[in-house]
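Each chain, written out:
Number of protein chains: 4
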Amino acid sequence: MADLTAERVVAAFDSLATGDRDRIVEYWAEDLNFTVPGTHAYAGRYESLDGFLGFVGNLVRLSGGSLNATRSAVLLNIEEGLSVDLNHITAKHAGSPADSDSPYDNYDIDALHLLRWENGRVVEGQFVAYGAHTEDVPLFWSPRNPDGSRREVV
Amino acid sequence: MADLTAERVVAAFDSLATGDRDRIVEYWAEDLNFTVPGTHAYAGRYESLDGFLGFVGNLVRLSGGSLNATRSAVLLNIEEGLSVDLNHITAKHAGSPADSDSPYDNYDIDALHLLRWENGRVVEGQFVAYGAHTEDVPLFWSPRNPDGSRREVV
Amino acid sequence: MADLTAERVVAAFDSLATGDRDRIVEYWAEDLNFTVPGTHAYAGRYESLDGFLGFVGNLVRLSGGSLNATRSAVLLNIEEGLSVDLNHITAKHAGSPADSDSPYDNYDIDALHLLRWENGRVVEGQFVAYGAHTEDVPLFWSPRNPDGSRREVV
Amino acid sequence: MADLTAERVVAAFDSLATGDRDRIVEYWAEDLNFTVPGTHAYAGRYESLDGFLGFVGNLVRLSGGSLNATRSAVLLNIEEGLSVDLNHITAKHAGSPADSDSPYDNYDIDALHLLRWENGRVVEGQFVAYGAHTEDVPLFWSPRNPDGSRREVV
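Protein chains in written order, with our numbering: chain A, 59 to 212; chain F, 59 to 212; chain G, 59 to 212; chain R, 59 to 212.
Please keep in mind that the hints were generated in silico from the structure rather than gathered at the bench. Certain hints may be false.
When chains are identical, the list treats them as one kind, so a pair holds in a single copy or across two.
Calculated lysine to any residue pairs in the SDA-like style (CA-CA distance at most 25 Å, straight line) [stated by the list, open to error]: (1) LYS150 to GLY189; (2) LYS150 to GLU105; (3) LYS150 to GLU182; (4) LYS150 to SER160; (5) LYS150 to ALA131.
Just so we're clear, the structure is a prediction, and the values are computed from it rather than from any experiment.
Isolated chain A, as found in the complex:
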C-alpha cells in the first residue's frame, strides 16, 4: 500500500487534471465524501467520486479554463492519514470582461484541501477557503454579473 507522503498528495491533484479515470482512482476512493462549503449552487457534500468529479468539471467550466492553483506547502499527520495542502487560486469567470476587477468576476483566494486517506486513497475531503477574500467567494459562484444581471454561464 502506498504511504502517505507530500508527493502522493501532489500526485492525487495531478491525476484530476489528466481526466484519466484509471489514474484518478489510484488516489481517490469511489465512495469519496467531499464537502464544498457555502450556499451557492455547487455547495454541499458530494458523496461519490463521480459527484466530486462533476464539481471539478463545473469549476473548470465556470472559470472558462482560467483556473490556476499554486501550491505552497503540504502538511501531514501520517498516523491519522491526514493531509492539508495550501494553495493560492485564481480564476476569471467565463464570459467576464478581461479588465474587470470585480469579486463577481474574479476568484483570488487562499484555499486548502483537508484530506483523509485510507488504504492509500482519499476517502474524505474538505475544500476550505481562508484569508482576506473568503467573503467574496459567494459572489464569484453566484449567477450574477457585477451589474446584477444573470450570467450567461451558470
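Based on the hints, put chains F, G and R in the right spot on chain A.
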C-alpha cells in the same frame, strides 16, 4: 388602458398561478426585468417574461408545491406607476422531513414585491425578503440538507 | 391627528437629520420597533426610539458623514397606515481611500423603508436593501478593509 | 530554539487558556497577524498579540464561558514552519435558552487553525471553519436572537 389599483396588483399575481400565458401577458410585459437578490443558484436579474416565469417555476418545484403566500396589504403610488405588496411566505423544501424546523428545509419569511408599471403592465420587479428571517433565505435556496449533504431536488 | 401623507413620510426622515428629539418624537414613537437585516454588528430589531437613533448615529459615524440618500418615490396604503419610501443611498466608509471602488469601502444601493404608522407616528419600521448590490451590504458593514485588515472605524 | 512539534502546538493553545501573558508570549509573537473570516463584528485580521487576545476574550464572553474545543489531530510541515490543528468546537451564546437548537444560539462546527511559526513562535494564524455548519457561523456571531431582536450580549 387599465388603471393601477390594488385589485390589479392582486390580479397580476393571480394570473401567474393560472399558468395561462395569454392571461399573464395582460399584466406582465414581455420585456419585464425582475430581480431576485442573493448569491444562490436562482438569484440575479431576469431580463424577460420567460426568464421570470422560469424562476417562478423553479420556486414551485423546489418547494414541492408547498409554497404559500398570504398577502397583507398593497401600497401604491399611482402617478409614478409603483406598487408594493406585502406577503408572508412559507414553504417546505421538496424532499425534506415533515417535522424538520431547520432553516435549510423551511422558508418562513416576510417578503414584498416592488413593481413598476407602464401602460398597465409590470415592466420592472424586485423580490425583497425582509424582517427576522431574512438571513435564513440563502440556507433554503442552497443545495444542502441540514446535515450538509447535497439535496436530491436542486 | 396628522394624516398619513407622502409629505409626512418625508418630514419624518427630515426630523432625524435635525437631531432635535422634540421634533423627532412628532413622527417616531418612543416604543418604535425597527429592524435592520443581516448578521453584521448593527443588525437586528431595535425595540425603542433610543435604540433606533443609536443605529442612525452609527451609520453616520461609519460613513464619516458621507451618507447621501436620494428619495425617488413614496407609496402609501392610508387605511392600513403603511408607507414605503424608495431611496438610492451612497456612502464611503470612514477612513477609506477616496479612489477606492471596493464594496468594502462603498455603499451604493437601492433601499426602502417600510413603515407602519399609528396615531400619526411610526411604530414599526424595516430597512430593506434591494437590487443589484444587495449582496455587497455585509462587506461595507464589516470591520474589514478590502485587504482583510481590521478597520480603524468600526 | 524550541522545535515545531504537535506537543508545542497543543501547548500554545493551552497557554491561551491560562491568561498568563508571560506564558503566552513563549508561543505567540507580539507582532502576530491573526485572521478571522466573515463580515461579523469580530472578523478581520488582527495585527498584534493584544488584538488577537482581545478576540479570544470576546469569544469567551459571547459564549458565556460555554466554549468547548475538542482537538482531533495536528498536522505539520516542519521545514516550512506550518501547523494545522483540527477541532470540533461547541458553544452556546450567552443569554440564550438552554434548550434552544437554533444556529443563532449554538456554535457547533469543525474548525482548524493554520499557524505559521518563526523562531519557535506563531507569527501568523488563520481561524477557519469547515464542514457542514460553516454557513451557520455568521448567525451565531450576529447580534440577533432567533426571533430577530437584538441580543443583550454583543
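Verification of the hints:
no. : hint             : verdict
1   : LYS150 to GLY189 : both (19 Å within a copy, 24 Å between copies)
2   : LYS150 to GLU105 : between (28 Å within a copy, 24 Å between copies)
3   : LYS150 to GLU182 : neither (28 Å within a copy, 28 Å between copies)
4   : LYS150 to SER160 : both (10 Å within a copy, 17 Å between copies)
5   : LYS150 to ALA131 : within (24 Å within a copy, 35 Å between copies)
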